[in-house]
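Peer 1: Reassemble the complex: the two chains are provided individually, in unrelated frames, and hints are given to aid placement.
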Amino acid sequence: MKIFQSTEAVIAAVLILVMLAIGFINPAFWGVDNLFSLAKSNVVIGIMALGVLLVMIAGGIDVSFPAIAAAALYITVRTMVAIGYDGVVLPFIGACVLGILLGAFNAFIIERFKMIPLIVTLGTASIIRGLVLGLLGTSIVNINKMPKELIAFGKVDLVSVTAANGATVGLTAMVLVYLGVAVVMHLILRHTMIGRSIYAYGGDAESARRAGVNIRKTIFFVYCTAGLLAGFAGLLQASMIWQANPRDFVGWELDVIAAVVLGGASIFGGRGSVLGTMLGVFTLVMIKNSLILMKVDTTWQRVVVGAIIIIATAITAWRDRKKLA
Amino acid sequence: MVAETRSNSVFRRLLGSDASILQLAVITVVIFVLMTVMNPDKFLRYYNFESITYVMPELGILCLAMMVAMLTGGIDLSIVAIANLAAITAGIYFKQPGVAEALAAGGTGAAFHVTMGVLIALMVGLLSGLLNGVLIARLRIIPILATLGTGQVFAGLALVLTGGPAIAGFPDAWTWIGTGKLLGLAVPFWILIVVAAVVAVILTRTHIGLNLMLIGTNARAAVFAGIRSARMIIYSYTVTGVMAAIAGILLSGRTNSAKADFGSSYLLQAVLIAVLGGTNPAGGKGRVAGVLLALVSLMLLSSGLQIMRVSNFLIDAIWGAFLVVVIAINYLRSAK
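Chains as they are written, first to last, in my numbering: chain H, 1 to 325; chain U, 1 to 336.
Just so you know, the hints here were simulated from the structure itself, not pulled from any lab data.
Any given hint might turn out to be false.
Here are the in silico distance ranges between beta carbons for each label pair [claimed, not checked]:
no. : chain 1 : residue 1 : chain 2 : residue 2 : range
1   : U       : 104       : H       : 138       : 38 to 46 Å
2   : U       : 119       : H       : 180       : 54 to 62 Å
3   : H       : 87        : U       : 165       : 38 to 46 Å
4   : U       : 164       : H       : 295       : 15 to 23 Å
5   : U       : 22        : H       : 10        : 39 to 47 Å
None of the values given here were measured: they were computed from a predicted structure.
Even glycine gets a Cβ: it sits at the ideal position worked out from N, Cα and C.
Chain U extracted, bound-state conformation (with noise of 0.2 Å):
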């Protein structure tokens, strides 16, 4: 307990008086020490880190983009399937007969196309997003129903694009981004630190993200105070895509295959994460570090229950729990 005392009172220094980013921190420590303590000699090693910074990053930036569509008091529910259908797309540009001999040959040619395919992924997360948002903000569909309904149109996409089996065998460097390591550390958490770090500062230094939460605060109110609320929701999305997109190429590259339905599982942690860390589902609040403690708090926790060997049905109901609760508990905090 005075280990906990003392990093709490590390933690405020770090990260000031924000009570939900406190609140959020004294859970993580909790859990860390709570998984220390049953599983002792497992937990505790640096392989089990390690493996975390593999499986962390493709959840935390859907995590990010989840808080982005929530900014504005939406919901993205088709960022799964734009993964999916992302790394599905660079999967068939790569089967390309042209694409396989120079990715085959290696040298130049096979960055080029590995150059290619990423661009080509983060192009579908772009259109995908941008449809979502002309979806929402021009035809005024409500986010939940348009993301849905587009969900299914990207996840059928990508079905009819693979047939139904899984695409395998990606080329070397696209599995790296997923698997390598770059000055000692995983790379797909070099790219979710870039990735938050960047829409922390799209958020907190710019006006899109003053913007956005405005928006989410009172749409009324925003329109009033002459913000182009049509446009910057069609950013949002527009981000919201991107992300999901890189999320996909993560996963793909992580697994060396894509299919239609990866990943399933991950739009309900996805939104839990977010709503966890102290982003409003109604608009108008979220942090991007509240989100990435949630996600380490969140992370540990099914870590160290899969080491107990805990059956992942039942992980998936403690997560369902976990929201139930924190619910509760922002709902508590709020009335006083």
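This is chain H alone, in the form it adopts within the complex (with noise of 0.2 Å):
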């Protein structure tokens, strides 16, 4: 009876019965056309999560990946307009770096001054978004100036078949994206020697510093990957929704933050998996786009969000403790 002890398991058996229940209150949840959409609706979020994910592991936290996201987006799709470059592999290239060298900046302050990770990366945050907004400024990249194809990238459908209302709906091809990220970090964290070193910081910084692990390199791979992925993310999201708005992202990281908590890590460090992640994204996704279905004012969005982090981290927190005992 093991496998009921995993904290993935109860998390899928909550994500099964939310399911049920939304499905039973309005039937056009199990429609082809809500689930694709569902699918797609998670994979930005889902790989931001996963870069959030590996910082709370490591028993730090970030609050500056929507801002990195929103930078990288904004910065290569101006930079492509402005040059007139259009492509696909040398932009994610540039976003992914510009990922990284920001992701870099914050390790850079949190292992070099020893600061909590919270103020340091609200600070980066707030950096980031001034000096884009105030020296790229605040228009919008719309679609007749947007790349070609980058948005022929976005738009590649893996499957697609003709809904009951007859529309052709179509599942994005984005989210063999998002599975093959998910494979790569889950392989990092299980299966190499850093990511053995996350686990081991974030368990307990100390007896990982005298047990050799090199807390200098952990510090940077963890935040770099966060970057990378947020910038990643970021211009996914720019091919996904046909527009570049330096402003997108603004919020986010209560989202994903709330949705990795409920994927089971835990903010104290050492906790927290792939597959957990993935279903505390779903699962967030899922009721935050089934409010609508369920004819629940857009309104309370935030509330229920809002209760989702307390109930969660409520559990995760009695959770730990019994274990502490």
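Peer 2: Written out as structure tokens, the structure is:
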């Protein structure tokens, strides 16, 4: 019966219960179009969540990733428009490099000045957003100006079927990108030296140091990877919604952190898994998207997300306390 | 430079030998001189300083609230949401048919209802803070996540109550709190002084303040010393909530409106000023005088930059950079 004790199994059970409940209230939930759009909504937030997962396993927290994502997305697209370049691979590399650099900035301050990650990333988020909006402007790059190949990339469908109402709906191929990132992250966390170092550092920094873990390398790896994933997810968002908005992702930090905590990661570090995070993201996105299906007024969304954070953290706190006793 | 050294010694006598306070005083003076030099004949105007005394208090009270939360090693990310929720609840009370009539009639009836509005707002702050305290102290949720969650809930409730748009048209007595004058000084400024004095007395002259510092310095030792930690932490978040509500009253009084997403940039600024003011976010250290000095220095900085027509986005970036620089300075100083 060990499977029922794992965090992932509990989240999965909750997820299925919530799905059944939503489907019972409004059968439209089970429509192919709804399920496909649900899968699509998971991609960008899910990739960001995997970055935050890494930070949280290492015992930190990152609230700058939405700013990093917006910066990477806007700088890349504006550069492409300015020089008239169109393509897919090079821009994504550019966005990832930007993400890594900004993540390295976080890591440098956190590691060098031994400051609480929350406060550092609050500050860097403000710097990044302020510089992007102040120096590059606030105008949105619309679909008519967006690089064509980038949009085409975001439009690729994996399969397309005809829904009940006759419209053709497709499952975006970006789901594969998300799954690919997830597999890589899982392999890094579970099967590499650096992955074990992250768990060790998050579990107990001092013990990890004495056991020979390279603390500096671990911190840099964690925040750079989080930055990389944020930058990547940012540009992916632009190619999926066909516009580049420098004010995108405002407030996402709450949703993503909520999803990661919901997925069983402990903010004290040392705990958390890729599968759990993906389930957490799916649950959160599903509940948010389904509020409309359940005819709940959209103004209640924030209350619901807040309540989910509180309940999920209360349960995790209760679980962790039992372990400590 | 001569003026600077002289004022340094004055400050030294005034503030004792606390190194971090002295450092702040120097920073404040440097910013003051810098802004005066960069904006000759515009910065040193009475009007400029007067407008600062109206805008500063709401942020200042939020900073003090943040400091109180940080004393126990916590943080309160819900203060801005509490401030807005408190102002909105009072605003809705004023819109009730019976209340609106009494307010329109004026006289003692209006005074009574405005007092009720203030009490309602403070009550909202108290209950919100109490909820934070209970979640953190009793359910043992880490402060960042607990207040992140409650912040969403409070902001969400504010949105549900208003349906989105701002509530405008507060009673005259209410706007007087935000824009009026008393004995030649801005009313909000007086309120800031009173709040700061009360917090300073609580922290330095009562057992509650001492207990909070002890909990922040070493939570385990505090428990063994017989301090009722949970209760103290609940007190501190309740006080934080009430202070946030006061800030909400000032903000809505000054702008004569209340909205679910007002003042969102205040959160970062409150954290920044609290840390800049010598508060240790890991707990155990924080002084009202330090936070007030940091507040004044940053208000002077942003006012000077605004006179120079620097874009608000870049001012945000400068605030963030300031935070990082302060972190670095604090680290280098403590490493010595």
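Peer 1: Indicate, hint by hint, whether the structure satisfies it.
Peer 2: Results of checking the hints against the structure:
For the hinted restraint 38 to 46 Å between residue 104/U and residue 138/H, the CB-CB distance of approximately 41 Å keeps it satisfied. Distance hint check: the CB atoms of residue 119/U and residue 180/H are about 57 Å apart, consistent with the given range 54 to 62 Å. One distance hint, 38 to 46 Å for the beta-carbon pair residue 87/H and residue 165/U, holds here, with the actual separation near 44 Å. Between residue 164/U and residue 295/H the Cβ separation comes to about 18 Å, which falls inside the hinted range of 15 to 23 Å.
In this structure the hint that residue 22/U and residue 10/H lie 39 to 47 Å apart at CB is violated, the actual value being about 54 Å.
When the structure is compared with the earlier hints, a violation turns up for hint 5 alone.
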